[in-house]
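Chains as they are written, first to last, in my numbering: chain V, 18 to 354; chain B, 18 to 354; chain F, 18 to 354; chain Y, 18 to 354.
None of these hints come from the bench; they were simulated from the model.
A quick note: this is a predicted structure, and the numbers were derived from the prediction, not measured.
Incorrect hints may appear among the rest.
Said to hold, decoys possible - With a straight-line Cα cutoff of 16 Å, these simulated EDC-like cross-link-like pairs (lysine to aspartate or glutamate) come out:
| no. | chain 1 | residue 1 | chain 2 | residue 2 |
| --- | --- | --- | --- | --- |
| 1 | V | Lys39 | B | Asp322 |
| 2 | F | Lys94 | V | Asp25 |
| 3 | V | Lys87 | V | Glu61 |
| 4 | B | Lys32 | V | Glu321 |
| 5 | V | Lys37 | B | Asp322 |
| 6 | Y | Lys32 | F | Glu321 |
| 7 | B | Lys49 | Y | Glu334 |
Single-letter residue listing:
Protein chains: 4
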Amino acid sequence: MIIVLKKDATEAQIKHVVEKVKVLGLRPMISKGIERTIIGVIGEEEILRSQPLEIFPGVEKVMPVLAPYKLVSREFKKEDSIVDVSGVKIGGKKIVVMAGPCSVESMPLLLKIAASVKKSGASVLRGGAFKPRTSPYAFQGLGQEGLVYLKEVSKKTGLKIVTEVMDTRDVPLVAKYADILQVGARNIQNFNLLKELGMLKKPVLLKRGMMSTIKEWLMSAEYILSNGNFDVILCERGIRTFEDFTRFTLDLSAVPVVKSLSHLPVIVDPSHGTGKWGLIEPMSKAAIAAGADGLIIEVHPNPEDAKSDGLQSLLPENFAKMMTELKKVAKAVGREI
Amino acid sequence: MIIVLKKDATEAQIKHVVEKVKVLGLRPMISKGIERTIIGVIGEEEILRSQPLEIFPGVEKVMPVLAPYKLVSREFKKEDSIVDVSGVKIGGKKIVVMAGPCSVESMPLLLKIAASVKKSGASVLRGGAFKPRTSPYAFQGLGQEGLVYLKEVSKKTGLKIVTEVMDTRDVPLVAKYADILQVGARNIQNFNLLKELGMLKKPVLLKRGMMSTIKEWLMSAEYILSNGNFDVILCERGIRTFEDFTRFTLDLSAVPVVKSLSHLPVIVDPSHGTGKWGLIEPMSKAAIAAGADGLIIEVHPNPEDAKSDGLQSLLPENFAKMMTELKKVAKAVGREI
Amino acid sequence: MIIVLKKDATEAQIKHVVEKVKVLGLRPMISKGIERTIIGVIGEEEILRSQPLEIFPGVEKVMPVLAPYKLVSREFKKEDSIVDVSGVKIGGKKIVVMAGPCSVESMPLLLKIAASVKKSGASVLRGGAFKPRTSPYAFQGLGQEGLVYLKEVSKKTGLKIVTEVMDTRDVPLVAKYADILQVGARNIQNFNLLKELGMLKKPVLLKRGMMSTIKEWLMSAEYILSNGNFDVILCERGIRTFEDFTRFTLDLSAVPVVKSLSHLPVIVDPSHGTGKWGLIEPMSKAAIAAGADGLIIEVHPNPEDAKSDGLQSLLPENFAKMMTELKKVAKAVGREI
Amino acid sequence: MIIVLKKDATEAQIKHVVEKVKVLGLRPMISKGIERTIIGVIGEEEILRSQPLEIFPGVEKVMPVLAPYKLVSREFKKEDSIVDVSGVKIGGKKIVVMAGPCSVESMPLLLKIAASVKKSGASVLRGGAFKPRTSPYAFQGLGQEGLVYLKEVSKKTGLKIVTEVMDTRDVPLVAKYADILQVGARNIQNFNLLKELGMLKKPVLLKRGMMSTIKEWLMSAEYILSNGNFDVILCERGIRTFEDFTRFTLDLSAVPVVKSLSHLPVIVDPSHGTGKWGLIEPMSKAAIAAGADGLIIEVHPNPEDAKSDGLQSLLPENFAKMMTELKKVAKAVGREI
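The shape of chain V in the complex, shown without the other chains:
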């Protein structure tokens, strides 16, 4: 932690800050420059982080030196983490594709989609049973019924299941049916939910919030790891910007950035990240080229009638075609699908 003092800070003010640092059991090192005095603090930065040093008289600004996350960081663990989803490994050489409808709508439809995406090379089935919707008047998901369908289809196809949990109260229920529990973008800072998931023994897919900096996203992951669950898969799904042609702005540079800061695997959601089905293929290729460990994609055989996200769903035949193309890109960057 570096404490920069104001140009006109008095000796008494400097002493007051120095005393505070010492009281906390840390060691201050004072450097007097031509324009400013600065105090470097040696010791556990965490102790200082919660102190509002910026309001101490004479202090101009406080600059943390260390990143606030620990367990998720590359410093903590040098090698890539591989999350094992009942045999499907995420974070290794093989790129994992998760696909399926936005919402689970019915058993036959789900089975049809599952069979189709499996054939094209997907290994995880996505599908929402609990749906976060901006409008209270929109379809809110089938709830437990949807979970039952997902499990059933999983048994029939061998696909693993990823599905969203929105409420701390639903964690045990969803955990019973899902192979991966998804935290949606809107719950990225639902800290109680993160804590509950941290106490599970199941993998968690943590979507970046539409308003989350990369640092905050990693801090949310830290909530899960620090509660004991290290099986976290990060998912870039677009951030909110001023650009309104796409639904969000897919931040693909987050992929190599996160991989440099953290050991956790990172996948990309081009369906939500763009909001337009026509952009899914180019952005999926780009995600793989940028180093993503996987993709999560919405597929629906009849998007015109989908109960949600029809605009950003691929037809099964387009998904199949795309998978063929993705294999080429994966190979070009030394990966496989």
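With chain V's structure known, arrange chains B, F and Y on it following the hints.
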């Protein structure tokens, strides 16, 4: 709903869209322009809203005509809503000031702050018992103990209590102690929490999310109203932008905008909205001048030792001084404090 | 400047950085912490600023200690600057109101508006002769003819003139007619234009860019001051955010922030900042309450036929009514209009 | 153009709008819905675009149906445009790589870099002679001297030259030396500069502004085309968002979006778009995978001493290595380098 067709849309494509509209029980009106055909749809727009018409072949874009919120809108209720908090009325001529520490830290400290802000003219005491913190390693609040202190201090001072609830499981507990239940910015789209609060008979303070459009904010309020609770107070608390000198960008134009779109009262939180105590007074004055119905402000007698948000807390004496100034501004715009 | 080294930085890497600092004539001070070594650099930070130290092997990050602007800063000049526009003083106790049409359209119309806004209390007439328009097909302004009208009306009414200059080639021409030369938001980083204006002896109104941080805005002002012209008036006019109900998000907290960082006067443009005439009055009141030194407002007697910005123009009668209200708010904050 | 009337719009108000539309020579079509009356306008939308219809009494909102750009649109020209830069074709199957230093610093250094990037497969040399710098105290470029060096190196190596022009006054000078004139992000709405470039017979590289929507970017291109110059190459270079780990957020989805809306070629600048040299390779791969027609990349043999942008420059050997990898990705998506 207006459906704009592509320049080269075929007759068959137009017919396909028209049929869909009719199947839904709505009436399409076709206008053929020089460059485009457009279809206006007469009838309940809500029915069409969930249809992904934009992916129908030949469709270029779909433009909703009506706002998606209903119960919160000025159209639904012309006159201003006044929320009655056990006698303290929010939304009328009198501007209501809520003040107190970020977190409840101890009984004596809370009482001291409460007595002080009451003397300066505050009528509601704020204080967090459950704290959403970006870091799992930061102080997370006293929990139920904090609620007990709040209630106790309320009894002693007559101040009403506003405090945050973060978890659906805690709603009954918090409702037992609080006069107003606060939804924090990070839970603006925690829809299950909103639903639970909609089933209460207690006022709710709904903070705008840091990345919520005004429309989404009103839709979140709609969740509460549509579940039966009309006592919602909206709170502007800053949005996330590229500017990083302030913690957030306080969007004061949201105050007159929301008051034109909705009948609900709107207050402003300049502490979180700026993140700097030195900006609280000018932005509080500005909020009142812009038409806010109230303010919520962090006050701490010793910000240097505050367990959270010390940077954005006013000293009680500065709060008192500010209140004197705010009275003048309130009077200048035909209000009182 | 603080240089933070990586956890695993080698002695050779540290030495390499230290040597570089010394070669530049500066003095490095090394502090070895538990987790990191940091190097504080004593001396002219400007010298280091242009060095890409972050890419030196072993360096994790570089944190500047000083603000990059000098002449515009409060440190350079403690007292408020007052810009004298041929007798109209901007930055003192009196709040200065600039008003007029978006574009100069005709001589009679300009004169009519000028007479009206003068009567209501404006002391500067605004009006665009050169118009930056997003579309090449939109009205681009009357050019020199517009300047002639402005000068003529100025002579008749005594109002000072503020008008935009967009092109380095037009600076001498505009300077001949205008009392204040305006740099529009889109030219905030047209550095050659800023340099030309820095060599003038006329006041400059520098609008914040829609994408400018406060720091960048001040750096653009620094271009003008460092070329010799200290008569710069800053103007907050809204920044681009994700919120699209308003045309821009008027950042009123920028007013007290800039006044703390700089000695220059700051005014506010609620017309462009909101894009909606109905929001001009509340945001003008708020701007004054926040501490603005002036306002610049679009007024047109027949907005339905205005050649530009009709949506955000006030009728003269509404402007007059608003001025009466603004006087009350100004008085409440110890100012006058 | 669709005009939506307020719920309580009177017949007189509707008539007033209808009359206005007719006076302009257009044909209004009125549809009375249950909740709203809407007026569709048949005819040249351009005529209506500059009318502030939203302020007409009784009007709720106005929704344009057509895009505001014409000549740049896919509707105007179905097939991809290929810009011929003295034999180097941009926009075809071959991906064009432009590389070189941020600023031209000296003749020997420029020649060295040029020879190196040519060997690796670049066909255009980039290098700034006029540099837009946030600080007036930073290196501003060599000016004409830099242009002379670029030309000289072009003659020796056969590489084409792309270099920035910042001032209308410099257009003839830069046009004399450059093969492609670059408009930087900060000049995206320097409309006079765009007009001057529209009157040239040389290709223009138009960088997206850091705060430009895709629509505004295309409108700026429209300025150039509508003045007669159709040889425009668009360049995505990152937009400003709340994320501050990267210098900007590279919006790769803009590549397929622009290619769907426009016939112009699009290239990507991962150096400025990320601000970190370590991200250039993954984002270059991603750009190609997303469909970009080219890349523009900063290369410097000694970034530690570069006069600008050292942080985001690749070493020549890393550039060479990257080019090898990019060839594989290009092949995977059916292109070549």
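So, going through the hints one by one against the coordinates:
| no. | hint | verdict |
| --- | --- | --- |
| 1 | Lys39(V) - Asp322(B) | 15 Å, holds |
| 2 | Lys94(F) - Asp25(V) | 14 Å, holds |
| 3 | Lys87(V) - Glu61(V) | 12 Å, holds |
| 4 | Lys32(B) - Glu321(V) | 15 Å, holds |
| 5 | Lys37(V) - Asp322(B) | 10 Å, holds |
| 6 | Lys32(Y) - Glu321(F) | 15 Å, holds |
| 7 | Lys49(B) - Glu334(Y) | 60 Å, violated |
Violation of the numbered hints given earlier is confined to hint 7; every other hint is satisfied by the structure.
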